[in-house]
Amino acid sequence: MTLQRQLLILLSALLLVLLVGILALTINNSRHYFQQQLHTHAQDTATSLSLSLQSGLGGNDMALVDSMVDAIFDRGYYRDITIRGVEGDLVLSRHMDPPPHRVPVWFVNWLSLRPLPGVAEITHDWKIIGKLRVLSDTDGAYRELWTGARQAFSLFMAVGFVSWLILLVTLRKLFRPLSDLEQLALAICQKDFSTQQPLPKTRELRRVVQAMNRMTKQLKILFDEQVAQIEQVRNQAYVDSVSGLGNGRFFNAQLQARMHSPEEPFVGGLARMQVKGMLSFNERVGREAGNRLLKKVGKIWQKAMADVEGSCVARVSGARFAALLPHIEMDVAELIVEQALNDIRALEEVCQGGSGLGIYGGMSFCQVGEDARLMEAQADIALHKAQNTKGGKFEFFDEEVHGDPLSPKLAKVDNWEQFLTNVIDRKDVEFHYQPVLSCVDQSVMHYEALARVRVDGELLNAGIFIPLVERFDLEEAFDKVTVSELIKRLATQTVEQRVPIAINLSSHSIRNEAFVDWLIGRVTASSSIAPYLIFEVPELTVRTAHGKLKRLAEGLKAVGAKLSIDHFGTTNSSFGYLSGLPLYSIKVDHSYIRDIQDNLDHQFFVQSLVRIAHSRNILLTAEMVEQQVQWDLLRSFQLDGAQGYYLGEPRSPDLAA
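Its first residue numbered 1, the sequence shown is counted upward by one per residue in this note's numbering.
Some hints here could point you the wrong way.
Pairs of lysine-lysine residues, derived as DSSO-like cross-links and limited to a Cα-Cα distance of at most 30 Å, are as follows [claimed, not checked]:
hint : residue 1 : residue 2
1    : 220       : 427
2    : 201       : 173
3    : 488       : 393
4    : 299       : 550
5    : 548       : 303
6    : 299       : 385
7    : 276       : 296
8    : 557       : 427
9    : 299       : 393
10   : 548       : 480
11   : 276       : 393
12   : 276       : 427
13   : 299       : 276
14   : 393       : 295
15   : 393       : 296
16   : 385       : 427
17   : 488       : 548
18   : 303       : 173
19   : 220       : 201
20   : 550       : 480
21   : 385       : 480
22   : 220       : 557
23   : 550       : 217
24   : 131       : 173
25   : 557       : 217
26   : 173       : 217
27   : 427       : 480
Just so you know, the hints here were simulated from the structure itself, not pulled from any lab data.
Using the sequences and the accompanying hints, generate a full structural model.
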């Protein structure tokens with residue numbers, strides 16, 4: 001029980017006792033007052049009547065005595081009038097039985113008025129000739145007491161209710177700072193270092209809040225310094241200090257990881273660009289001017305590729321730049337790269353006479369079913385050809401022999417857009433499930449659902465058909481089918497059979513406000529299933545749709561579902577966004593895992609992530625663990641979980657069916 005509730009009960013009990021005591025005291029005082037009044041009334045009547053009866057009783061005129069007593073008694077204010085002689089013999093008596101009570105019997109029994117009778121001696125010629133006894137009727141007194149008691153009770157109830165409301169409001173106001181302090185402490189546990197404002201007016205609470213605010217600020221400074229230090233070391237390892245882009249080490253890690261991904265084989269283009277003549281340019285104008293030029297070139301190169309979702313740009317060495325452009329058509333890639341080259345050529349330092357600078361580009365493509373490892377060499381050949389061909393500025397590698405790079409050669413489908421539309425309409429999506437194992441005890445934390453599409457009896461991985469889904473703007477519809485089907489399959493299971501399922505969502509879908517509303521509503525409508533749902537979104541989404549992603553994370557958390565960041569570390573983004581999103585987990589991109597056993601920089605990056613994630617109560621997992629040495633290393637780094645073909649291949653039958 002909360003302290004506020006305990007105080008409320010205690011003070012309410014004290015208030016009730018006080019009001020009941022005052023009410024009882026008031027009624028009791030009224031009882032004594034009426035009882036005294038009845039006695040006084042009877043005594044006054046007895047005294048007055050005894051004087052009037054002197055002549056009648058002394059003259060033995062009983063008719064006069066009867067008439068005088070009846071005149072008094074018939075007024076109805078008396079219960080009993082009795083006259084006795086000197087010897088105690090009864091001379092005259094008038095008695096009235098009590099009428100039916102007009103008040104509750106319990107009230108009469110509780111008060112029980114017992115007024116004393118009025119007694120007077122009757123004298124004649126200085127001799128006592130009789131005694132008169134008068135007893136007042138109590139019925140009227142009971143009625144007055146009952147009316148007064150009801151009025152007093154109503155008044156006390158009103159006063160008590162108003163007092164209780166005032167007490168309740170006052171306690172809530174006084175304890176609100178304590179509740180805010182509790183929320184502040186919980187926020188600190190989540191590494192949300194917001195301070196409490198405004199300060200409470202109560203001096204003691206104000207001091208406590210001020211102390212908590214000072215502690216929060218100090219913790220924020222310490223945490224920010226830790227994050228800044230980790231980011232600084234990461235930038236030294238993976239970011240080019242001149243252009244601000246990823247360096248050659250970062251690009252090669254991304255390139256190799258995407259080329260060797262069994263679930264997401266790379267499909268798209270690799271562009272290389274070189275600013276030729278930089279050595280002579282630096283000698284003429286100085287290295288500082290050359291660095292400024294490279295920075296401008298890097299910004300143009302990055303801006304040109306920004307619209308390609310999942311792109312990776314870098315300054316790989318000297319005056320050479322590169323870009324990975326996944327899931328893109330050849331003609332679109334040609335326009336993007338040529339526009340970037342033209343914008344670079346338009347720079348003042350490049351286009352001015354005598355600069356001696358040349359801008360050259362080369363590109364290779366990899367389509368579904370081809371060996372992506374050849375793409376790097378082919379891009380270098382295309383760049384070399386552009387540099388050595390008279391008038392050459394930009395070259396594709398064997399562009400005539402390439403068809404549509406996104407169209408799978410493995411499946412004979414004439415119209416992929418119509419085929420995928422039919423798959424979505426029929427909800428003809430299959431799922432394989434890959435386990436995510438705990439690094440602590442190797443138990444299954446959850447399964448990741450990997451979509452499959454069957455064509456001519458052959459199952460196609462998501463990495464093969466998802467690029468086409470994106471080309472035809474079917475991501476949102478496909479994600480809706482995936483979510484709905486998995487929820488439906490989980491709903492058919494008993495609670496004991498259900499296991500948590502991770503569902504991949506595209507960045508394009510999250511950028512759509514209507515999809516976010518639909519997803520929150522769909523999960524809310526399946527509240528019993530929600531705790532078993534984990535939604536994974538690529539890290540790119542944080543940069544392109546942070547506001548919508550935060551609303552989605554909060555909406556999912558409210559019903560028990562979870563949000564995870566996939567491919568963490570591919571964008572060189574600041575870690576700061578982790579404090580603003582209620583995340584369940586983050587998954588380290590496989591580019592940091594592929595050679596982690598031999599790469600100290602990758603080891604440092606992952607270990608740093610462990611500290612940051614755990615300090616925010618966020619789970620950290622790794623993907624594409626393919627060797628025992630990687631698994632052992634990740635466990636020693638105290639990651640929470642990992643997945644990969646070494647730990648468990650995607651498999652069927654459907655775990656959710």
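Evaluated hints:
1. 220 - 427: violated, 48 Å
2. 201 - 173: Cα-Cα ~10 Å, so holds.
3. 488 - 393: Measuring from Cα to Cα gives roughly 55 Å; hence the hint is violated.
4. 299 - 550: OK: residue 299 and residue 550 at ~28 Å, within 30 Å.
5. 548 - 303: holds, 23 Å
6. 299 - 385: holds, 25 Å
7. 276 - 296: holds, 15 Å
8. 557 - 427: With a Cα-Cα distance of about 27 Å, the restraint between residue 557 and residue 427 holds, given a limit of 30 Å.
9. 299 - 393: holds, 20 Å
10. 548 - 480: Holds - the C-alpha atoms of residue 480 and residue 548 are around 17 Å apart, at most 30 Å.
11. 276 - 393: holds, 11 Å
12. 276 - 427: Violated, at roughly 53 Å.
13. 299 - 276: OK: residue 299 and residue 276 at ~18 Å, within 30 Å.
14. 393 - 295: holds, 21 Å
15. 393 - 296: Roughly 19 Å separates the two Cα atoms, so the pair holds.
16. 385 - 427: violated, 47 Å
17. 488 - 548: holds, 25 Å
18. 303 - 173: Given pair residue 303, residue 173 is violated - Cα atoms ~53 Å apart, limit 30 Å.
19. 220 - 201: holds, 26 Å
20. 550 - 480: holds, 19 Å
21. 385 - 480: Violated: residue 385 and residue 480 sit about 46 Å apart, past 30 Å.
22. 220 - 557: The hint holds at about 24 Å.
23. 550 - 217: OK: residue 550 and residue 217 at ~24 Å, within 30 Å.
24. 131 - 173: Given pair residue 131, residue 173 is violated - Cα atoms ~71 Å apart, limit 30 Å.
25. 557 - 217: Within the cut-off at roughly 27 Å; holds.
26. 173 - 217: The hint holds at about 26 Å.
27. 427 - 480: holds, 10 Å
When held up to the earlier numbered hints, the structure conflicts with 1, 3, 12, 16, 18, 21, 24 and fits the remainder.
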